[in-house]
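2 protein chains.
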Amino acid sequence: MPRPPQRLLSPEIITEAAIESVDETGDFTMPGLAGRLKVRPSSLYNHVSGRAEIVEFMRARLMAGIDVTSQSGSWSETVAALASEYRRSYAEHPRLIPLFTAHTVQAGVAFGLYNALAQAFSDGGFEPGETLHAITTVDSFVLGSALDLAAPEVQWSSGPEVNNAMKAALATSGKNPERADAAFEFGMRVLISGLVAQLPTAH
Amino acid sequence: MPRPPQRLLSPEIITEAAIESVDETGDFTMPGLAGRLKVRPSSLYNHVSGRAEIVEFMRARLMAGIDVTSQSGSWSETVAALASEYRRSYAEHPRLIPLFTAHTVQAGVAFGLYNALAQAFSDGGFEPGETLHAITTVDSFVLGSALDLAAPEVQWSSGPEVNNAMKAALATSGKNPERADAAFEFGMRVLISGLVAQLPTAH
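Going down the list, the protein sequences come from chains A and B.
Using this note's numbering, the first residue of the first sequence is number 1, and each one after it goes up by one.
Using this note's numbering, the first residue of the second sequence is number 1, and each one after it goes up by one.
Simulated from the structure, these hints should not be mistaken for lab results.
Glycine included, C-beta positions come from ideal geometry on N, C-alpha and C.
Incorrect hints may appear among the rest.
As the list claims (entries may be wrong) - Stretch by stretch, here's where chain B covers chain A in the computed footprint (C-beta under 8 Å, at least three residues):
1) 14 to 28
2) 51 to 57
3) 88 to 99
4) 129 to 141
5) 161 to 171
6) 195 to 201
Construct the complete structure from the given sequences, taking the supplied hints into account.
Right, dumping it as structure tokens:
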């Protein structure tokens with residue numbers, strides 16, 4: 001009997017298996033990936049240096065789906081367009097988000113987005129320190145919104161403990177994704193007008 | 001030989017074990033909890049109805065640590081104080097966040113926070129539909145910021161692919177938690193001034 005052919009491995013194949021594992025279970029391990037790919041754990045290390053590098057490959061894979069070039073219009077339109085793209089890409093794999101935020105950003109391709117945001121804020125007149133905080137603010141809002149987009153159709157169940165103000169608010173709620181989309185649009189308007197108000201020229 | 005004493009179980013003990021499991025691995029399973037607690041899976045079902053109820057117990061446990069009563073001052077000060085409390089509580093267990101957002105909010109105690117936010121926005125003059133979106137906007141920003149607070153000391157590694165605007169921004173960055181705290185303060189100022197700008201009286 002011929003030996004079974006050696007299973008083909010590549011960083012891309014390992015990254016896809018890791019994304020699948022996180023989508024299903026919330027995390028991945030090297031032995032778990034080896035089992036999923038039906039290879040020995042040691043074989044993985046011929047292609048990746050370990051867990052941290054796989055996280056960066058996963059980040060690069062998601063970031064590669066974000067169009068950072070089609071920027072036209074004002075700095076604030078650019079920021080809103082980037083945020084919208086970024087949210088869409090991350091909402092497909094919400095369980096990756098805590099892994100990404102737990103690791104230092106090293107993927108070169110990830111800087112495509114952050115470079116574009118930094119350029120937009122700098123063009124808008126923000127100082128470097130404000131630019132860093134503005135990027136973090138947009139980042140936090142987008143990651144939270146990506147989780148919200150992946151939320152169940154009914155995000156809050158009403159009950160006797162709900163007060164009148166919250167009851168009235170819930171009565172206006174459509175189902176996801178319409179509710180999440182409308183909230184994201186509202187939130188981006190809030191963020192942009194709040195950011196504009198931080199600029200010296202706004203006073 | 002006497003039989004070993006029956007292991008004591010309660011919803012609280014099961015909830016703590018589930019939080020430990022998510023902190024360590026990103027998720028929990030009923031068989032995994034049974035193994036962690038050295039009981040048979042069937043014993044768990046004498047105390048909890050299943051996975052969804054455990055998620056609500058975990059949410060209730062974290063929400064119980066949030067002080068929603070000490071509200072004084074304007075609606076915007078109340079919102080900022082609630083957001084700050086909420087972020088602090090969630091940052092201790094960042095990997096719970098995607099589990100929470102993936103399940104409908106049912107825990108009565110969780111509505112303490114949402115009721116307080118709804119009351120603040122209603123007091124501020126927001127219509128019910130805007131109140132719902134404003135709550136979601138604050139929620140998304142806070143959850144993203146809790147993940148950011150749990151980020152590594154160095155969130156971005158600089159490299160040749162970093163453009164000048166991002167390089168200047170990174171040069172101003174302190175380490176966590178100072179960087180994350182400063183970004184959260186900046187973001188809350190942005191959100192509040194952006195929310196104020198949505199009110200009809202602002203125009």
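Evaluated hints:
| no. | hint | in the structure |
| --- | --- | --- |
| 1 | 14 to 28 | holds (count 4) |
| 2 | 51 to 57 | violated (count 0) |
| 3 | 88 to 99 | holds (count 5) |
| 4 | 129 to 141 | holds (count 12) |
| 5 | 161 to 171 | holds (count 9) |
| 6 | 195 to 201 | holds (count 3) |
Consistency with the previously given hints fails for number 2 only.
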